[in-house]
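Asks: As a plain string of letters, each chain reads:
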Amino acid sequence: MRWLIGTVMIAAALALAPACSDDAVTPDPEPVLVTPPAFGEPYDKLSDWHLFADPLLQLPAERVVPYDVIAPLFSDYTSKWRFLFVPEGETVPYADEGTWEFPVGTVLVKTFAYADDVREPEGPRRILETRLLWREPEGWTAHTYIWNEEQSEAIREVGGRFVDVTFIDPLGATVETAYRVPNTNECADCHHQGEDEAGAIIVGPLGPKTLQLDRDADFGAGPVNQLDQLSSLGLFDGDPTPSSERERLVDPYDPAEDLSLRARSYFDANCSGCHRQGGSATDSDLELDFDSTDPTTSDAVVWGVCKTPTSAGGATCGNTYDIVPGEPDLSIVVCRMTATELDQRMPPLGSKIVHQEGLALMREWIESLPPASCTP
Amino acid sequence: MLVSFSMRPARLIPLAALVLALAPLALVPGCGDDSATGGAGGAGGGGGGGPSEACEGVDTTGCTISLGPSDDVTNELQTALIEAESGSPVCLCPGTYLFDNELQVNTPDLTIRGVGATRDDVVLDFANQIGGDDGLTATSDGFTVENLSVKNTTGNGIVATGSDGVTFRNLKVWWDAGSVTENGAYAVYPISSSNVLIEDCEIVGAADAGVYVGQSTNIIVRNNDVHANVAGIEIENSTDAEVYDNRAYDNAAGILVFALPNLDKTDSLRCDVHDNEIYENNRDNFGEEGTVVAAVPPGIGVLILAADETHVHDNTITDNVTGGVVMVSMATLSLLVAPGEPDPDTDPDPETTYIYANTFSGNGTDPSSPLDLVDVVPMEDVLWDGVEKTDGSGDLCLSMTPPTFRNIHGVSNIANQANHTTDTTPHECDHTPLAPIVLE
Chain W
1 MRWLIGTVMI
11 AAALALAPAC
21 SDDAVTPDPE
31 PVLVTPPAFG
41 EPYDKLSDWH
51 LFADPLLQLP
61 AERVVPYDVI
71 APLFSDYTSK
81 WRFLFVPEGE
91 TVPYADEGTW
101 EFPVGTVLVK
111 TFAYADDVRE
121 PEGPRRILET
131 RLLWREPEGW
141 TAHTYIWNEE
151 QSEAIREVGG
161 RFVDVTFIDP
171 LGATVETAYR
181 VPNTNECADC
191 HHQGEDEAGA
201 IIVGPLGPKT
211 LQLDRDADFG
221 AGPVNQLDQL
231 SSLGLFDGDP
241 TPSSERERLV
251 DPYDPAEDLS
261 LRARSYFDAN
271 CSGCHRQGGS
281 ATDSDLELDF
291 DSTDPTTSDA
301 VVWGVCKTPT
311 SAGGATCGNT
321 YDIVPGEPDL
331 SIVVCRMTAT
341 ELDQRMPPLG
351 SKIVHQEGLA
361 LMREWIESLP
371 PASCTP
Chain H
1 MLVSFSMRPA
11 RLIPLAALVL
21 ALAPLALVPG
31 CGDDSATGGA
41 GGAGGGGGGG
51 PSEACEGVDT
61 TGCTISLGPS
71 DDVTNELQTA
81 LIEAESGSPV
91 CLCPGTYLFD
101 NELQVNTPDL
111 TIRGVGATRD
121 DVVLDFANQI
131 GGDDGLTATS
141 DGFTVENLSV
151 KNTTGNGIVA
161 TGSDGVTFRN
171 LKVWWDAGSV
181 TENGAYAVYP
191 ISSSNVLIED
201 CEIVGAADAG
211 VYVGQSTNII
221 VRNNDVHANV
231 AGIEIENSTD
241 AEVYDNRAYD
251 NAAGILVFAL
261 PNLDKTDSLR
271 CDVHDNEIYE
281 NNRDNFGEEG
291 TVVAAVPPGI
301 GVLILAADET
311 HVHDNTITDN
321 VTGGVVMVSM
331 ATLSLLVAPG
341 EPDPDTDPDP
351 ETTYIYANTF
361 SGNGTDPSSP
371 LDLVDVVPME
381 DVLWDGVEKT
391 DGSGDLCLSM
401 TPPTFRNIHG
411 VSNIANQANH
421 TTDTTPHECD
431 HTPLAPIVLE
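Here the protein sequences come in this chain order: W and H. Take our numbering: the last position of the first sequence gets the number 376, and nothing is skipped along the way. Take our numbering: the last position of the second sequence gets the number 440, and nothing is skipped along the way.
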């Protein structure tokens, strides 16, 4: 239960280090207030938003609330911080289902960093980018800011680029990879919420929903449930449903949890951005969001059982069905998560490194499924 | 009721934690100035960047943004494509552009135009691509690409998904490696789109179909040179397509009109294939194993699979060693590839086909498997598997001056010549010609 405390602890510690502003040695005692730009004119510098009391430490400014998700998106072993900022006087209608509806002016924030050694997330690290989803009057817009090597500022990046990184992976191996800072259109591939009349993609948040946030986190006074915390901060319009009645994801890597729930949580976090109704992988007819993978309410072919590929072209590894119960090696889902070729790889964006822990979970789960018509 | 949020961490952090966490400090805030330095720079707006040498002396009239090759061209062009206003052409000056990532368009009414003297002067090379698998993709309406070359994409060359108004004009799409399985599947690929125009292109080496139009409506494919692909031109689960004045040669199969099962758009209707030159489509099939196209027997001029109201007329169809025009149902397809889940929404048989006024010569001289089982050399100009729901429901017309013809009367009869017929009398009829396509 130290998902947040780790972040906050190191952040606070670093706050004691000298900063390089004009008044370098005197820590600023004033609360930092978020200063959003005029709509339609995102700042070119991250610092101009004043989202952080200390950006390097990812210490949030006033009203910027840190949160964590139950099942994170795997992004090649980067560590992440997440925050939400809702303007003063505004609230969010509480909802059990779907992503919450945020008011105009909301800023959702996600910062990516590499720990030099991912086994020591609180050790030395390099912050790569800070991504924002900004609720403007016309809808959400996506922005990302790439941190400079000095780690003193981050500059808005529209066209995306690769950043060479080196880190030590969970097995102790040194990995060199080209980390992808997505271009604005790539954000839309995952954050796709439909299209406007001219076919331009509408984007929206993915993480802030009861399914993902209903977990404990430490805001400084010991672990508390995040929904309770957000509620007591006055974020919600309406009270959360009692905890016992809420549906939530589980930690996909916790062997104590139910295997099916672990697999469904993994899919929801890592695949459903694109594989859900209205997502960018609609042509594949494969839906992997938490609801669509519920075996009690959803037809198994919807989430891939004995489903022949529709749009995969040659990317099938010679296999016939997306999921063959009992047979991970015959399942296209497994081979596409194992593949590194650009035209095979799943997910096609957001990660380049095969996620061994996720893959192991998929195999275990497919092996456990009861035989179906396509099981040989 | 609203309590003001206050998340001042200083208030929240236990002091002990502060002390503990001091040890691993590695990063102290750097003392750089505010501007980004080092590799991570490149603020928004780069696309409009300074004038490129490549554009000197080039006529860029009508271009809102003109770019030339550079070390950072993926970022520059992608930024331009994102920041361009609707309706403002993004122009590429002569040179070879090396991209490391797929390029994506999500801005309505956007044109990407090569401004060289010919399409060969502006080359978009994706050999060094490490992100995304297609070359150029668009999801917005009104997408035009013209007068340039695209080569070496891992996946498809140029893709338009769900766009109303797609124009691919005077393009060359190819792969340095020649015709190999590792090439991208489709070279130009509008899918789930409408009002599609593909003209004056040269397409070479696609590992599936050179020109592939999927699940689209209102389509013109004209005056293209399509060669050394697995399939030259494929129109799949689409409605109202006109394919004319093209040259399809040296592919494994020339022109395909398909209806495949388990797709969102279930039918394939009114494809008018006329005035094309379709010759010597005898290349070994180098398609990726497991794909439908990889199962197509090489040597076919025109292959119709389960599509309805296909018209094939006024074409010159010559020297395709398996057959000139082959028309089959899903039943025959399942001889060749693993059947998917049966799809009750797709009609498995081709109906109301009209084949007339074509010039055939030299076809069917050496049919490849499994059509060699028919055991006729030369194969007739039009071969039909004869699968229909009820006698005559196929409604095939071959006009009053029919070509040579063979009906094998069901897949199971393929090697049973005694059950075949070659009599054209039942098919000496005419359908109403299809109206020319008008794009909106």
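Wrong hints could be hidden among the right ones.
[Said to hold, decoys possible] Which chain W residues face chain H? A few, computed with CB under 7 Å, are given here:
(1) V158
(2) T177
(3) R180
(4) T184
(5) G199
(6) G204
(7) P208
Hints in this document: simulated from the structure, not taken from any laboratory. For each residue, glycine too, the CB sits at the ideal point set by N, CA and C.
Asks: Run every hint past the structure and note whether it holds.
Replies: The hints, checked one at a time:
The interface hint given for V158 of chain W holds, since its Cβ lies 4 Å from the closest Cβ of chain H, which is under the 7 Å cut-off. With a least beta-carbon distance of about 10 Å to chain H, the hint placing T177 of chain W at the interface is violated under the 7 Å criterion. Hint status for R180 of chain W: holds, given a least beta-carbon distance of 5 Å to chain H, under 7 Å. A least Cβ separation of about 5 Å between T184 of chain W and chain H falls short of the 7 Å threshold, and the interface hint therefore holds.
The interface hint given for G199 of chain W is met, as the beta carbon of that residue sits about 4 Å from the closest beta carbon of chain H, less than 7 Å. Hint on G204 of chain W is violated. Least Cβ distance to chain H is approximately 15 Å, over the 7 Å limit. A least Cβ separation of about 15 Å between P208 of chain W and chain H goes past the 7 Å threshold, and the interface hint is therefore violated.
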